[in-house]
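Asks: So the chains spell out like this:
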Amino acid sequence: MAPAANAQSEVNALVVGAGGLGCAASLALARAGVRRLTLADPDSVDATNLHRQLWHRGSDVGRLKVESAADRLERAFPGLAVARVPSAVSAGNAESLFRRHTLVLDATDGDAVKFLLSDAAVLTGVPLVYGGALRLGGQVMRVAPGGPCLRCLFEGPPPPGARATCAEAGVLGPVVGAVGALQAVVALSPRRSDGIERWYRLEGAALAMRVVDVHRAEDCQACGPGRKSAPILVDAIGAACAR
Amino acid sequence: MTLSEDQVVRYSRHILLSALGGKGQERLLATGVTLTGQGAAQAVAAAYLAASGLKVSAKGRPVAPEETGFLLAADDVGRPLEAMMRAALLDANPDALGQPSEVGALGELPAGFSGTGPWVALGWSGNRGGLVYRGRDGCAACFERTAGALSNGPAGASAVLLGALGALAFERLALGLSQPLGGLWLSETGEVEPMDLDRCASHGQTGR
Amino acid sequence: MRPVAPPPTDATIDLRGQVCPMTYVRTKLALERLEPGHVLEVVLSGEEPAKNVPRSAREEGHEVMAMAEAAEGVVRLWLRKG
Chain A
1 MAPAANAQSE VNALVVGAGG LGCAASLALA RAGVRRLTLA DPDSVDATNL HRQLWHRGSD
61 VGRLKVESAA DRLERAFPGL AVARVPSAVS AGNAESLFRR HTLVLDATDG DAVKFLLSDA
121 AVLTGVPLVY GGALRLGGQV MRVAPGGPCL RCLFEGPPPP GARATCAEAG VLGPVVGAVG
181 ALQAVVALSP RRSDGIERWY RLEGAALAMR VVDVHRAEDC QACGPGRKSA PILVDAIGAA
241 CAR
Chain B
244 MTLSEDQVVR YSRHILLSAL GGKGQERLLA TGVTLTGQGA AQAVAAAYLA ASGLKVSAKG
304 RPVAPEETGF LLAADDVGRP LEAMMRAALL DANPDALGQP SEVGALGELP AGFSGTGPWV
364 ALGWSGNRGG LVYRGRDGCA ACFERTAGAL SNGPAGASAV LLGALGALAF ERLALGLSQP
424 LGGLWLSETG EVEPMDLDRC ASHGQTGR
Chain C
452 MRPVAPPPTD ATIDLRGQVC PMTYVRTKLA LERLEPGHVL EVVLSGEEPA KNVPRSAREE
512 GHEVMAMAEA AEGVVRLWLR KG
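Residue numbers (the numbering used here), protein chains in the order written: chain A, 1 to 243; chain B, 244 to 451; chain C, 452 to 533.
No wet-lab data here; the hints were simulated from the structure.
Distance windows between CB atoms, simulated:
1. A:S9 x B:E325: 27 to 37 Å
2. C:V494 x A:V212: 41 to 51 Å
3. B:P437 x A:I196: 20 to 30 Å
4. A:P145 x C:G468: 48 to 58 Å
5. B:D249 x A:D43: 12 to 22 Å
Take a look, some chain C residues computed to stay more than 10 Å from chain B by CB distance:
6. P487
7. H489
8. M516
9. A521
10. G524
The structure presented is a predicted model; accordingly, all values stated were derived computationally and were not measured. Even glycine gets a Cβ: it sits at the ideal position worked out from N, Cα and C.
My request is simple: use the sequences and hints to build the entire structure.
Replies: Next comes the structure, spelled out in structure tokens:
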């Protein structure tokens with residue numbers, strides 16, 4: 001059966017990160033019939049990526065991830081146009097990047113940048129789907145106007161070094177793939193009229209999922225109705241371990 | 244079997260997992276999977292299994308249009324699946340080629356299942372995805388009855404999710420981390436729920 | 452770090468120059484090759500590995516027996532397999 005090309009042809013998606021989440025998410029968007037996609041990632045392919053970042057192959061080690069991913073996406077889906085942004089999304093470029101797209105997927109693996117992306121979604125009103133995967137589990141939630149943002153759930157990123165041990169860099173390939181694909185499924189699903197979003201938690205060890213309704217926190221400093229101003233985008237520093 | 248230096252690096256993020264370690268990774272490398280059906284979800288599952296180091300084999304038919312993705316390009320459609328997969332795996336992960344010590348089956352329905360397992364069936368009931376899995380100690384008849392309710396289906400974003408979950412289910416069985424028999428439903432909006440199994444006559448409602 | 456008498460070891464790996472998380476990957480593989488109760492000596496360089504390898508080993512149920520500075524920026528670590 002052919003992908004439902006017509007339903008998604010107006011989407012112009014930004015996938016932040018061409019790693020484990022971004023590879024799966026971009027394949028899922030393309031399979032759903034999305035025709036325009038931007039991949040943003042400053043990193044090059046490393047041999048330790050290959051077990052979970054499936055657009056990249058052994059022969060791509062050392063190449064920019066956005067190049068190897070975009071090349072293979074376009075070869076698999078000739079109707080798809082992939083823009084390559086070989087740099088990190090930061091406080092300096094997040095707003096303009098968001099405003100040039102209709103949908104953003106957070107396929108990054110740092111704590112700090114996830115809050116920057118959530119703030120950028122609140123600031124611009126462009127829907128974002130957050131995702132994260134670690135060890136045998138992962139989680140996904142949409143951030144869209146009127147609904148909860150990441151700061152409704154967490155005050156902010158943990159301080160650098162607070163949690164990262166080497167063992168936390170471990171992750172099972174298909175778990176990352178499922179979380180990335182779930183981000184695309186959630187991104188393309190219609191929103192509920194009450195603004196409530198779902199927090200999806202995949203438990204790979206049990207092959208099960210928990211889904212919890214999330215409301216916007218009235219006192220959220222980023223998106224709550226009583227906030228003083230729109231969020232100001234700030235880069236945070238961090239990342240103890242090279243993933 | 245001892246992991247080579249290249250394998251230690253390539254699978255380092257698996258080795259770090261408490262549930263795997265080097266022994267678990269060696270087990271994945273010794274396990275094979277034969278693709279017995281056709282579809283987008285099966286193609287995604289095959290790609291993840293190959294990346295994890297399992298030996299993936301397929302034969303006997305041309306590449307279908309909905310199978311393009313990580314391993315197969317649009318140019319491969321209509322050409323022999325076995326040769327196209329082989330060429331892709333040689334570049335993506337040569338560990339996925341070769342002779343495994345044990346072989347299971349994974350198929351997007353309609354598909355056949357034989358041998359001891361692991362078996363993973365992927366399929367659809369309308370737009371709802373379904374996954375049924377069985378290890379060597381699970382009842383083959385219960386598996387076949389339950390999987391029999393599923394058929395072929397869409398090839399969109401949900402198929403990528405179903406395929407990744409299929410690879411996860413297969414690896415859990417290969418690693419001995421799974422119950423011997425089970426299934427799940429995948430809703431159109433991405434929720435995963437347990438599937439009630441359709442028990443065979445000898446297992447009734449109480450068998451495993 | 453106080454000086455310690457090095458415990459008798461069953462195996463040694465030299466991971467000087469290696470970075471996180473490969474340091475723990477190699478430590479873990481070396482531990483897997485030992486019998487429970489046997490002792491692995493790990494030689495590490497740099498601050499991150501010296502902090503992370505013992506933490507990760509403890510997390511996975513191994514005993515951190517002793518740690519000693521061998522030279523400028525080089526640490527010797529003794530782990531008993533759990």
